[in-house]
Amino acid sequence: MILANIKSAIKRVKVTEKQTLRNRAAKSEMKTTIRRFDEAMQSGDAAATDKAYLTAVSTVDHAAAKGMIHKNAAARKKAQLAKKRAAAQ
1 MILANIKSAI KRVKVTEKQT LRNRAAKSEM KTTIRRFDEA MQSGDAAATD KAYLTAVSTV
61 DHAAAKGMIH KNAAARKKAQ LAKKRAAAQ
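Using the UniProt record's numbering, the letters of the sequence shown map in sequence onto residues 1 to 89.
Okay, the calculated beta carbon distance ranges per label pair: (1) Ala48 - Lys11: 44 to 54 angstroms; (2) Ala9 - Lys83: 37 to 47 angstroms; (3) Arg76 - Ala4: 29 to 39 angstroms; (4) Asp38 - Lys11: 35 to 45 angstroms; (5) Arg22 - Ala46: 28 to 38 angstroms; (6) Ala65 - Thr20: 16 to 26 angstroms; (7) Leu21 - Arg76: 17 to 27 angstroms; (8) Lys51 - Lys7: 40 to 50 angstroms; (9) Ala46 - Ser8: 48 to 58 angstroms; (10) Ser43 - Lys11: 43 to 53 angstroms; (11) Arg24 - Met1: 11 to 21 angstroms.
These are calculated hints, taken from the structure and not from any lab test. Just so you know, these numbers come straight off a predicted model, no measurement behind them. Beta carbons are placed, not taken as given, at the ideal position from N, Cα and C, and that holds for glycine.
Using the sequences plus the hints, can you model the full thing?
So, in structure tokens, the structure goes:
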């Protein structure tokens with residue numbers, strides 16, 4: 001339901017809804033890759049952990065590059081992942 005009357009405002013609402021869905025999906029994917037990294041660490045498989053780590057860092061970088069999360073938040077998440085990885089080895 002769109003409440004806007006002006007044509008440009010109606011379009012902005014539609015565009016914002018599309019962007020919101022896209023961002024929500026990407027953030028969800030980022031959280032999923034981080035969760036998979038944690039699961040790989042729990043399993044104790046070093047190869048799976050390394051692969052999951054690289055995937056998680058990549059998705060965090062992508063989210064920051066696209067403006068879904070702040071660059072400092074991305075840096076913090078990557079540092080936390082690296083710290084967990086180093087502690088496991």
